[in-house]
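Chemist: For the protein sequence lines, the chains are U and C, in the order given. Everything in the first sequence is counted per our numbering, starting at 1 for the first residue and increasing by one. Everything in the second sequence is counted per our numbering, starting at 1001 for the first residue and increasing by one.
If you are wondering where the hints come from, they were derived from the structure by calculation, not from laboratory data. Be careful, since some hints might not be right.
As the list claims (entries may be wrong) - For the chain U half of the interface with chain C, some residues (derived, Cβ under 7 Å), not all of them:
no., residue
1, V86
2, A92
3, T246
In this text, a Cβ means the ideal position worked out from N, Cα and C, and glycines have one as well.
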Amino acid sequence: MFVSPPAVPESGSHSDFSGVGADVTASCRCLISCSGGPCGIFSCRQPDSPDTRMSWPALYNQLVGANRHSTSLGKIWLSVLFIFRVMVLVVAAESVWGDEQSDFTCNTLQPGCENVCYDQFFPVSHIRLWCLQLVFVSTPTLMVAMYVAYRNHRDKKRLLQGSGRAGFLSNKGQDGELETLKKRRLPIAGALWWTYACSLVFRLLFEGGFMYALYVVYDGFQMPRLVQCDQWPCPNLVDCFISRPTEKTIFTVFMATASSICMVLNMAELAYLVAKAITRGLCGQKERKASSRNPAERGFRIRTTRS
Amino acid sequence: MNWASFYAVISGVNRHSTGIGRIWLSVLFIFRILVLVVAAESVWGDEKSGFTCNTQQPGCNSVCYDHFFPISHIRLWALQLILVSTPALLVAMHVAHRRHVDKRLYKLSGRSNPKDLEQIKTQKMKITGALWWTYVISLVFRIIFEVTFMYVFYMIYPGYKMIRLVKCDSYPCPNTVDCFVSRPTEKTVFTVFMLAVSGVCILLNIAEVVFLVGKACSKHLNNAGDSTMGAWIQQKLCSY
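Sequences are here, hints too, so could you generate the full structure?
Modeler: Here you go:
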């Protein structure tokens, strides 16, 4: 019943990202690691630990690591995503759709008619669409994690180069600096702000896109009890009955509602980031105006900002 | 994400709960989630395949099953358990926010050494002030969700007994056909069990609300008592 989180892969041939915070690096290693296996997000495979297969808990661990650099709304979004969408999908929805094809019955004995009609009315199952939606919607967060890892790597390089140039710097001092580098939380400003905002925009696009696709493919969110099919090899217009249509409608509406709540949270987060950037810009402008009015102070301010 | 990961997430909140809250969490996980996963799911496992109607008309089984079971008990319980557990996360968010604020205050006051910051992480928050309100609101939501689901259950399945036979005449059934439900007695036993435990959880939540309100009132009275005592002492001293 209890699942342990996957082990973080040890650094192999990638010295570039070694030593950086495990929570952020783990996501990057999993994305780019090509050590002995296929590249891509599904290659978090250690030869000695078969339990590091990619699964919902593994994705959860990746995203929680990246979550440290999110805003509060981002953290709420992650909880809503995993509790009300992934969890409901895994513990409830998958069993509702479990017998969707085996219990799809058509009023005919003609072999092949049921298969063909099922395929006609269910080109992609709801469950698969939701799985894809959840995976696509989660991955922009990894963009942010990758950027943070890159920044940490760059700062670490600078620190090491700086200490090398300065000559002697005690090991303890350097280790302390590296630890603070690993543990610090970067403020969402500058390039990180743009990366974060882009990830939010992508999340919104994916959510909206998948909801629209579900609506178009299934002609609304309601599942009918009966569909009429006349595809070859069905001999004529046959009645085909869908299994558990009411329960499926209930869960479709639930998942659509949860998806809308997530979209609202993403829009609120984007609005918050834009507002924060505007106020920061205005405050910065005010300071610059104030300092330009008082030249005596300007010298002092310049000296203090440089230090 | 499965019940195990969910347990890991929710039990983290346990540290900031009262004693009754911890009992509630144990009852939830042992008598509800565990019973659901190890026992109830297998009872309802063949609910559709074992639902048989006295007809060979294709589609009649599906339609009659859908008519009498719009949503399975198992899914209702799963949704109930998820919704009932999530108000605890409000408390977790509040605690995280408070810790963040404390950390900032420490840093501003110059006490930013790692020991002090570690202490903030590990100290147990007292349920006072705004946290008290968040906690009570989360308890009220829990009670509301529990009662709502019990009501929904009663509306969809009037009476908590599972009947052996249902009569169905929806299209395409040719006439009124007899349909037989699989394992009705076992389902009734588990339904009654889950409802009883749900009732126990409601009582625990009510007891916790009463305990918190009582604690807050007694604290308020003590403080009020002290201040009137203090004022009286001060008055007596000043009069000499």
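Chemist: Can you list which hints this structure breaks, lowest number first?
Modeler: Per hint list: zero violations.
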